Amino acid sequence: MGAIVQYIESYLSSNQTPGAAGNMFWAFVYIMLVFLGLSVAVIAMNWLERKILAHMQVRLGPMRVGPHGLLQPIADAIKLLLKEDIIPSEADGLIFWVAPFVVVLAAFTVFVVVPFGPTHAITDMNIGILFMLGVSSLSVLGIVMAGWASNSHYPLMGALRSSAQMVSYEIAMGLAVISAVLMTSLNATGTGTLSMIGIVQAQLAQGEWFIFKFFPLGLIAFFIFAVAMVAETNRAPFDLAEAESELTAGFHTEYSGFRWSLFFLAEYSAMIAVSSIAVTLWLGGWLRPFPNLLSGSAWSEIFSLVPGATFLFLAAMCFYNTVRMPKHPYFRIQTIGLAGFGVVLGLIGLVLFIPIVSIRIQDIFWFSAKVAGFMYLYIWYRGTFPRYRFDQLMRMGWKVLLPMGLGVLVLTAVVALLQPYLWHP
Amino acid sequence: MTDPNTTLSHLDLETPEKPFLDANELVINMGPQHPATHGVLRVILRLDGEKVLGLECVIGYLHRGVEKIGEHRTYTMFNPYVDRMDYVAAVSNGLGYCETVEKLLNVEAPPRAQHVRVILTELNRIASHQLWLGTHALDIGAITPLFYTFRDREEILKIYEKYCGARLTTHAFRIGGLQYETYAGFEQEVKNFLTFLKPKIDEYEELLTTNRIWVERTKNIGKISAQDCIALGVTGPVLRASGVKWDLRKAQPYANYKDFDFEIPTGQNGDTYDRYLVRMAEMRQSVHIIEQAVSALPEGPIMAKVPKVIKPAAGEVYHSIEAPKGELGYFVVSDGSTQPYRVRVRPPSFVNLQALDVMCRGQLVADVIAVIGTLDIVLGEVDR
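Quick mapping for you: the protein sequence lines, in order, are chains A and B. If you're matching positions, the first sequence starts at 1 in our numbering and goes up one per residue. If you're matching positions, the second sequence starts at 1 in our numbering and goes up one per residue.
FYI, nobody ran anything at the bench for these hints, they're computed from the structure. Computed from a predicted structure; not experimentally measured. For glycine and all other residues, C-beta sits at the position ideal for the given N, C-alpha and C. Any given hint might turn out to be false.
[Unchecked claim] Here are the in silico distance ranges between beta carbons for each label pair:
1) B/Arg151 x A/Leu81: 30 to 40 Å
2) B/Gln179 x A/Arg64: 34 to 44 Å
3) A/Met32 x B/Gly362: 49 to 59 Å
4) A/Phe35 x B/Tyr61: 44 to 54 Å
5) A/Ala413 x B/Thr210: 51 to 61 Å
6) B/Lys219 x A/Val58: 42 to 52 Å
7) B/Arg151 x A/Ser14: 31 to 41 Å
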């Protein structure tokens, strides 16, 4: 017993991720936490997307289930789980059954290397970024399987479209990633890194997020990635695979209930995954904003208050809306629920002010906040843009983003070589 | 070019295009329950990959026998039925029918009635174009304009509701004029609506007109030449976007359109983008017409002298108006009884739909959706 406790405690003094430290217990805990966090994030994202999109479109969005529709995602999840499990009689049963799991597996596995903080990752691989790109592109396999196994025209076309799309945008994405990786090698030893944690630490060491590095080269690379990642996750304006007006629902037309919800889950976790890549590579990962403009311990103190303040603000929003709830007895439970939600958020906020917690949670907070920014962008795109046509999408991938990516890569390399002569005579 | 005997020989609609490299062509059935077919249109697409080799429309899923019903109802009783054809432009349908019967009876609605008719019909044109814009943009993937247009269309429906109690199938006009006098504050409300609407049209345009993706999705898509339009009998904004300045409000003025000053917006390319621009400009022109009509609303009776039982002398008449979707014609034959001997409707949607094959050949599947949207068809009118 003592040995086990010691095994568990031994990790606390180490300065590594549980995977790197080889501690099974903490690795398991982290996996559970990431899985839980991801599920909560998908549920929250479901509600937020519907609400934000609704407000962009001058409507209210879900309002019935729970206060301001807060319980709508849960109601939807229950509905999906209770639905009859349908496998079309003409479908290829086994592949039809396996496909959603392949997609979900690919979407979840990438989170093994996502660095929420210097030690807050399940593991730190020395090929982290390659692992992420490789595994996330496996989801295309699941999509093709789903489209093929459905044995129906619309899913087949949806699957063909999305596989072609994902494969071609991956190249532009890869080129943008390489140019960021190249920037990590601008140190005394001249060796770069592919490790996700290493990339953020390189940004810390160079005192500059890679989005601002070699302005505007870093920005262009980031832009290429930002476009490619929307295409990669099949979201508007690149949501051809599931273009509702053309292909009814694309590759998951024949899916329903639980299997469909797996596709849904995978789509949203893939969005979070690619956003985390973008945050890690260009936006300084877990680093707080303005690390060198607003430096000094005083600023660090102030920024360490932000997580708690954010939760307090959310709690205040809840209380404000509690007051605004209709006074009719019909809404009493909802009002109490909203107030209770506010209390929970407020308590979390207060806990976050405790220095020992705040120190540990800050990294995760900044990382999540940046990813949340990307999530908002996704919703914003969906509310604003029409959908590209397939050939236009391909043209953009191959004729615009690919040459741009190549150019940025070459220019980054040239500037990096010349840098000692240009900036440090 | 304007030769009415233009033939379609150069189009060769009979022989299908061959698929590339003798690949198997894919036949896809789109509809009648497809989300983008605006009702119950069924399109059988023959595809080579994503390229359209040809298509065939199957219609009739919404056939209610409106024309046959007309033979068994009196002239007055048939009036509400026409609202059910193009239900998003019910007022225009009613105007066409009432004017046709008035022509048969040789009566004319009094000036005040004419003015109110023009105001309501032009409001209806705006409402119809708003609905078209919302659904068309939705088909191309922009979901937000739909909610903007529906929000503003609501204001028009409110005016209708206050005027005659109904919102969609209004039955606003009667043979010989109007049943209802305008309600108190009608003019002011219409004027308020116009000041409300003008910036909203800019708002729609802001989202789409210069949007790169929108332009790429609509420019040079579903092109149709003026010659083909005329040969196929296509009318309305689709014809005008191909560069033909043909608007029945100017060409054969009905109601009292000749009293108003307005332009006929035309396009040059006859593509989806031009049709979009033409319709946006038409909404602005409608605003302009309503402004003139509402500020010069004459006093006087609203009903001409029409007998209680309408019994036109034996004869026939064809009368057409410029409905939001094109030429809406009524051919009514009277045998001297209280019921029409025959009512034939020339619906713009039905005729315009025939151009779908011409416009879609050689385009991609995604463009078929865009073209169905840009034709602005209402299946209630196609099938009647």
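Taking the hints in turn, this is what the structure says about them:
1. B/Arg151 x A/Leu81: 30 to 40 Å: holds (36 Å)
2. B/Gln179 x A/Arg64: 34 to 44 Å: At roughly 41 Å between Cβ atoms, A/Arg64 and B/Gln179 fall inside 34 to 44 Å, so the hint holds.
3. A/Met32 x B/Gly362: 49 to 59 Å: This hint holds: roughly 55 Å between Cβ atoms.
4. A/Phe35 x B/Tyr61: 44 to 54 Å: 48 Å Cβ-Cβ, so the 44 to 54 Å window holds.
5. A/Ala413 x B/Thr210: 51 to 61 Å: violated (37 Å)
6. B/Lys219 x A/Val58: 42 to 52 Å: violated (29 Å)
7. B/Arg151 x A/Ser14: 31 to 41 Å: Given range 31 to 41 Å: violated, Cβ gap about 58 Å.
Hints 5, 6, 7 from the earlier list are contradicted by this structure; the remaining hints agree with it.
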